[in-house]
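What follows is each chain in one-letter form.
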Amino acid sequence: MSSESSKKRKPKVIRSDGAPAEGKRNRSDTEQEGKYYSEEAEVDRRDPGRDYELYKYTCQELQRLMAEIQDLKSRGGKDAAVEIEDRRIQSCVHFMILKKLNRLAHIRLKKGRDQTHEAKQKVDAYHLQLQNLLYEVMHLQKEITKCLEFKSKHEEIDLVSLEEFYKEAPPDISKAEVTMGDPHQQTLARLDWELEQRKRLAEKYRECLSNKEKILKEIEVKKEYLSSLQPRLNSIMQASLPVQEYLFMPFDQAHKQYETARHLPPPLYVLFVQTTAYGQACAHMKSSQPPRQDKTLSVAIEGSVDEAKALFKPPEDSQDDESDSDAEEEQTTKRRRPTLGVQLDDKRKEMLKRHPLSVMLDLKCKDDSVLHLTFYYLMNLNIMTVKAKVTTATELITPISAGDLLSPDSVLSCLYPGDHGKKTPNPANQYQFDKVGILTLRDYVLDLGHPYLWVQKLGGLHFPKEQPQHTVIADHSLSASHMETTMKLLKTRVQSRLALHKQFASLEHGIVPVTSDCQYLFPAKVVSRLVKWVSIAHEDYTELHFTKDIVEAGLAGDTNLYYMALVERGTAKLQAAVVLNPGYSSIPPVFQLCLNWKGEKTNNNDDNIRAMESEVNVCYKELCGPRPSHQLLTNQLQRLCVLLDVYLETESHDDSVEGPKEFPQEKMCLRLFRGPSRMKPFKYNHPQGFFSHR
Amino acid sequence: MERAMPQAVPLGQMEVFQALQRLHMIIFSQNVSPCGKFLAAGNNYGQIAIFSLSAALSSEAKEESKKPMVTFQAHDGPVYSMVSTDRHLLSAGDGEVKAWLWAEILKKGCKELWRRQPPYRTSLEVPEINALLLVPKENSLILAGGDCQLHTMDLETGTFTRALWGHTDYIHCLALRERSPEVLSGGEDGAVRLWDLRTAKEVQTIEVYKHEECSRPHNGRWIGCLATDSDWMVCGGGPALTLWHLRSSTPTTIFPMRAPQKHVTFYQDLILSAGQGRCVNQWQLSGELKAQVPGSSPGLLSLSLNQQPAAPECKVLTAAGNSCRVDVFTNLGYRAFSLSF
Numbered sequence: 001m002s003s004e005s006s007k008k009r010k011p012k013v014i015r016s017d018g019a020p021a022e023g024k025r026n027r028s029d030t031e032q033e034g035k036y037y038s039e040e041a042e043v044d045r046r047d048p049g050r051d052y053e054l055y056k057y058t059c060q061e062l063q064r065l066m067a068e069i070q071d072l073k074s075r076g077g078k079d080a081a082v083e084i085e086d087r088r089i090q091s092c093v094h095f096m097i098l099k100k101l102n103r104l105a106h107i108r109l110k111k112g113r114d115q116t117h118e119a120k121q122k123v124d125a126y127h128l129q130l131q132n133l134l135y136e137v138m139h140l141q142k143e144i145t146k147c148l149e150f151k152s153k154h155e156e157i158d159l160v161s162l163e164e165f166y167k168e169a170p171p172d173i174s175k176a177e178v179t180m181g182d183p184h185q186q187t188l189a190r191l192d193w194e195l196e197q198r199k200r201l202a203e204k205y206r207e208c209l210s211n212k213e214k215i216l217k218e219i220e221v222k223k224e225y226l227s228s229l230q231p232r233l234n235s236i237m238q239a240s241l242p243v244q245e246y247l248f249m250p251f252d253q254a255h256k257q258y259e260t261a262r263h264l265p266p267p268l269y270v271l272f273v274q275t276t277a278y279g280q281a282c283a284h285m286k287s288s289q290p291p292r293q294d295k296t297l298s299v300a301i302e303g304s305v306d307e308a309k310a311l312f313k314p315p316e317d318s319q320d321d322e323s324d325s326d327a328e329e330e331q332t333t334k335r336r337r338p339t340l341g342v343q344l345d346d347k348r349k350e351m352l353k354r355h356p357l358s359v360m361l362d363l364k365c366k367d368d369s370v371l372h373l374t375f376y377y378l379m380n381l382n383i384m385t386v387k388a389k390v391t392t393a394t395e396l397i398t399p400i401s402a403g404d405l406l407s408p409d410s411v412l413s414c415l416y417p418g419d420h421g422k423k424t425p426n427p428a429n430q431y432q433f434d435k436v437g438i439l440t441l442r443d444y445v446l447d448l449g450h451p452y453l454w455v456q457k458l459g460g461l462h463f464p465k466e467q468p469q470h471t472v473i474a475d476h477s478l479s480a481s482h483m484e485t486t487m488k489l490l491k492t493r494v495q496s497r498l499a500l501h502k503q504f505a506s507l508e509h510g511i512v513p514v515t516s517d518c519q520y521l522f523p524a525k526v527v528s529r530l531v532k533w534v535s536i537a538h539e540d541y542t543e544l545h546f547t548k549d550i551v552e553a554g555l556a557g558d559t560n561l562y563y564m565a566l567v568e569r570g571t572a573k574l575q576a577a578v579v580l581n582p583g584y585s586s587i588p589p590v591f592q593l594c595l596n597w598k599g600e601k602t603n604n605n606d607d608n609i610r611a612m613e614s615e616v617n618v619c620y621k622e623l624c625g626p627r628p629s630h631q632l633l634t635n636q637l638q639r640l641c642v643l644l645d646v647y648l649e650t651e652s653h654d655d656s657v658e659g660p661k662e663f664p665q666e667k668m669c670l671r672l673f674r675g676p677s678r679m680k681p682f683k684y685n686h687p688q689g690f691f692s693h694r
Numbered sequence: 001m002e003r004a005m006p007q008a009v010p011l012g013q014m015e016v017f018q019a020l021q022r023l024h025m026i027i028f029s030q031n032v033s034p035c036g037k038f039l040a041a042g043n044n045y046g047q048i049a050i051f052s053l054s055a056a057l058s059s060e061a062k063e064e065s066k067k068p069m070v071t072f073q074a075h076d077g078p079v080y081s082m083v084s085t086d087r088h089l090l091s092a093g094d095g096e097v098k099a100w101l102w103a104e105i106l107k108k109g110c111k112e113l114w115r116r117q118p119p120y121r122t123s124l125e126v127p128e129i130n131a132l133l134l135v136p137k138e139n140s141l142i143l144a145g146g147d148c149q150l151h152t153m154d155l156e157t158g159t160f161t162r163a164l165w166g167h168t169d170y171i172h173c174l175a176l177r178e179r180s181p182e183v184l185s186g187g188e189d190g191a192v193r194l195w196d197l198r199t200a201k202e203v204q205t206i207e208v209y210k211h212e213e214c215s216r217p218h219n220g221r222w223i224g225c226l227a228t229d230s231d232w233m234v235c236g237g238g239p240a241l242t243l244w245h246l247r248s249s250t251p252t253t254i255f256p257m258r259a260p261q262k263h264v265t266f267y268q269d270l271i272l273s274a275g276q277g278r279c280v281n282q283w284q285l286s287g288e289l290k291a292q293v294p295g296s297s298p299g300l301l302s303l304s305l306n307q308q309p310a311a312p313e314c315k316v317l318t319a320a321g322n323s324c325r326v327d328v329f330t331n332l333g334y335r336a337f338s339l340s341f
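Same order as they appear, the protein sequences are chains A and B.
Mapping of the first sequence onto full-length UniProt numbering: residues 1 to 694, in sequence order.
Mapping of the second sequence onto full-length UniProt numbering: residues 1 to 341, in sequence order.
It is worth saying that the hints were derived from the structure and are not from the lab.
These figures come from a predicted structure and were not determined experimentally.
Backbone N, C-alpha and C define an ideal beta-carbon position, used for all residues, glycine too.
There could be a bad hint or two in this list.
[What the hints assert, rightly or not] Only pairs whose alpha carbons sit at most 25 Å apart, straight line, appear in this in silico BS3-like list of lysine-lysine: (1) K62(B) to K98(B); (2) K548(A) to K137(B); (3) K137(B) to K661(A).
[As the list claims (entries may be wrong)] Over the 10 Å line for every Cβ pair with chain B, so calculated as not near, a few chain A residues: (4) D114; (5) A281; (6) R671.
From just these sequences and the hints, can you work out the full model?
In structure tokens, the structure reads:
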């Protein structure tokens with residue numbers, strides 16, 4: 001509609017003559033200028049609904065007038081121009097009305113906008129206020145929870161229970177009537193009661209302390225009295241000595257020993273007590289003679305008691321705790337700052353230190369030879385060691401081959417199977433050794449003595465392999481349970497070694513000593529002779545070509561002693577390599593043979609050499625002789641001579657060779673050969689004196 | 001192979017004794033059970049050990065299956081010879097022959113079934129029995145040994161039916177000629193004698209040591225082993241191992257082996273022999289040494305070929321001698337493993 005109106009207006013402007021129109025316009029502008037404020041007020045007065053009606057009406061009129069103008073124009077005619085002019089004026093009026101309405105609408109719109117803006121600002125202000133209030137609420141809530149969570153110190157105090165409080169507290173503190181209803185007051189009262197009680201207890205504690213002080217003083221006084229008693233008692237003892245001697249009652253001597261024994265470390269103490277007890281028990285059993293004279297076992301303590309006492313004075317040093325000793329070492333090294341090597345050396349010495357006291361045990365055998373055993377205790381390693389020495393009643397000529405028999409290093413080796421005393425029995429020691437760079441104890445045993453397992457047992461020390469314990473405590477019952485067997489083993493060991501010692505002396509001179517009670521085992525005439533008896537090294541033994549079987553069977557350990565015997569008859573030379581187990585004579589010596597006669601014969605290429613070996617090695621039991629079978633080795637050697645005789649004499653004569661047999665058959669044999677392997681008759685039958693097959 | 005480590009293991013008295021016993025053991029005889037799955041071995045201590053060949057040869061064999069499943073004390077002296085009938089194990093050594101039931105042995109209840117002693121002329125020493133031989137046709141057993149005679153025992157009644165005289169020294173070995181009931185025996189006197197069982201007479205004597213080709217006087221005359229295959233006979237011992245044609249009693253092949261042989265047997269077209277030395281020797285009939293297979297013992301005394309049709313999986317050659325081990329050869333080429341006392 002507006003476009004239509006603007007279309008209409010354009011031609012009108014073109015067509016109208018300038019001035020009057022201009023003038024009219026100017027006038028209406030000034031009118032409007034003057035009416036501006038009134039028009040503002042007019043808006044409030046006029047009803048917008050009616051304005052709308054007016055607008056509609058005006059538009060209809062305009063449409064009508066335009067239609068009429070068009071109609072007139074199309075018809076044409078003279079009067080038409082007037083008519084049109086009339087109509088044009090009317091429509092101008094209507095346009096004025098429309099302009100007026102448009103202005104009014106603009107003013108209304110502006111007014112509406114202003115009102116809306118105002119209202120919006122108000123709403124914003126209210127919103128801000130609301131948010132402030134919410135924030136305040138939140139803050140207050142936080143404060144409240146903080147207050148609620150506050151913990152008072154008194155809650156940590158362990159109070160007496162409520163019933164107890166009302167029962168025990170005096171009414172001036174409990175104030176039952178006030179506190180019953182008010183938990184706050186109640187708590188305060190309970191706290192008061194607690195304070196009261198604590199005060200009382202502190203009072204009591206002070207009293208007890210003073211009491212203790214008093215008692216300590218009393219003890220001091222009594223001690224002084226007792227120590228003043230000691231010299232008096234000593235003088236009485238001194239005075240009684242002549243009486244004791246006169247009456248043959250060596251109480252004092254024994255007493256002195258026990259006095260010293262108090263300073264022994266626990267394992268040595270256990271050993272001392274148990275061996276003394278065992279010695280007394282043995283002496284009592286042989287009650288036919290006066291007990292003191294025939295003592296097979298005597299025990300004594302050696303070493304400086306003062307040093308032992310000094311060891312015990314600072315109480316932390318008395319414990320052989322390694323950390324303590326380490327700390328001590330550190331102090332000393334700080335003072336001196338020696339080189340690293342010396343430092344390690346010192347540490348080693350410290351670790352291997354012996355207790356200043358040692359226990360001497362003298363074991364007397366039947367032939368008046370004595371085994372001297374000295375037991376030491378290595379404080380830092382918590383193990384015991386032993387040094388052995390054998391003295392005999394008569395002076396012994398030491399044969400060369402018997403060098404190791406009575407040497408302190410080997411005389412007690414393998415007393416129990418496998419107990420060679422070269423490794424430490426305490427598994428904890430290995431770690432201690434690692435610290436100071438000791439590889440094994442083996443390098444030190446000559447100096448320290450051997451830590452045999454049985455020594456630990458006699459000292460009551462037990463080191464279980466499965467569950468290593470931190471502290472090993474000396475146990476009397478363990479010591480007692482091993483005492484008798486060990487003593488018996490020690491005795492038999494010494495006796496068998498002494499017997500061997502004697503036998504070796506004659507063996508070196510080519511004489512096989514056969515005692516009269518073993519004579520029945522051999523024929524009267526034995527032609528083969530022992531010509532050499534020497535000891536050889538373990539390595540040399542294992543390198544011999546005919547000892548491979550023994551080495552492979554694990555019978556040639558390095559704890560054994562090795563010998564080489566040479567038996568000769570005529571041109572035949574029989575070499576015998578002998579393994580002597582330290583457990584001799586319960587474990588037999590083992591012989592390996594090699595015969596040099598018409599070629600070299602060993603058990604590998606001659607069944608009869610094999611049979612000879614088994615005659616001495618397997619059938620050794622008949623050669624043991626009377627118990628305790630010390631004659632076994634010499635009997636085996638003698639048997640070997642007999643076997644060689646039989647072997648040589650029964651060797652079938654080669655008919656093709658001229659001349660007489662080298663070894664005419666002198667032995668009486670039932671048959672020369674028997675069985676698939678053509679065994680020779682090696683078995684000697686005693687009373688008849690003939691040889692037969694086994 | 002069982003071999004103790006050469007380390008110093010702490011040994012008690014008992015262990016040392018057992019180790020020495022094992023070290024000086026000699027296995028004289030072996031025999032396969034009628035079912036072919038078990039091997040009996042007798043040693044110089046009079047013990048018989050039963051090994052399970054099937055267990056030791058099975059794929060899941062452990063060290064224990066190479067140990068005897070049962071060991072029992074059979075004789076006081078060495079067990080020199082053993083044979084098996086279809087139910088019994090017969091063992092002999094110290095003058096007596098004893099019978100054991102295989103079924104009971106395998107159940108580990110070892111009680112002797114019976115024992116017999118041939119009628120010996122009284123002597124200071126009881127003569128040993130070195131060889132046993134079954135004669136299946138007659139259901140009898142021939143025993144020979146220390147008293148220089150062959151004793152025939154009827155297995156039905158257990159009585160000694162006859163004794164064959166002739167040898168001048170003790171008898172080492174026996175062999176049976178299957179077709180004609182004839183028995184060969186070889187002894188310490190150096191003679192191989194052929195006996196006719198029907199007439200109980202000596203038919204033929206070959207004194208081996210008198211033939212220059214095979215005589216070796218430094219080793220002695222004795223015949224230690226003997227085997228026969230129809231007209232052929234192979235024997236060895238002091239004299240060289242020699243193949244003989246029986247009808248013409250001439251030596252045809254002399255096998256070049258210096259060491260005295262203790263056991264010989266025909267196997268297909270080969271001759272297997274063993275004796276002094278570690279090896280089992282395999283010979284062609286022409287005298288060529290086909291192979292020497294080393295075993296674990298320094299000397300061998302017996303070979304046993306398990307050819308029982310009942311147990312084809314256990315078809316092995318076993319060899320035993322101067323050790324506590326029985327070597328098992330799964331084929332003739334090499335030693336598979338050793339059974340051990």
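Hints, one by one, checked against the model:
Between K62(B) and K98(B) the CA atoms are separated by roughly 32 Å; this puts the pair beyond 25 Å, and the hint is violated. For the suggested pair K548(A) and K137(B), the alpha carbons sit about 49 Å apart, so the restraint of at most 25 Å is broken. Simply put, K137(B) and K661(A) have alpha-carbon atoms about 49 Å apart, too far for the 25 Å limit, and the pair is violated. Remark: the non-interface label on D114(A) is consistent with the geometry, its nearest Cβ contact in chain B lying 109 Å away (cut-off 10 Å).
Against the 10 Å criterion, A281(A) stays outside the reach of chain B, whose nearest CB is about 28 Å from its own CB. Non-interface status of R671(A) relative to chain B is broken: a Cβ of that chain comes within 10 Å, the nearest being about 7 Å off.
In summary, the numbered hints that this structure violates are 1, 2, 3, 6.
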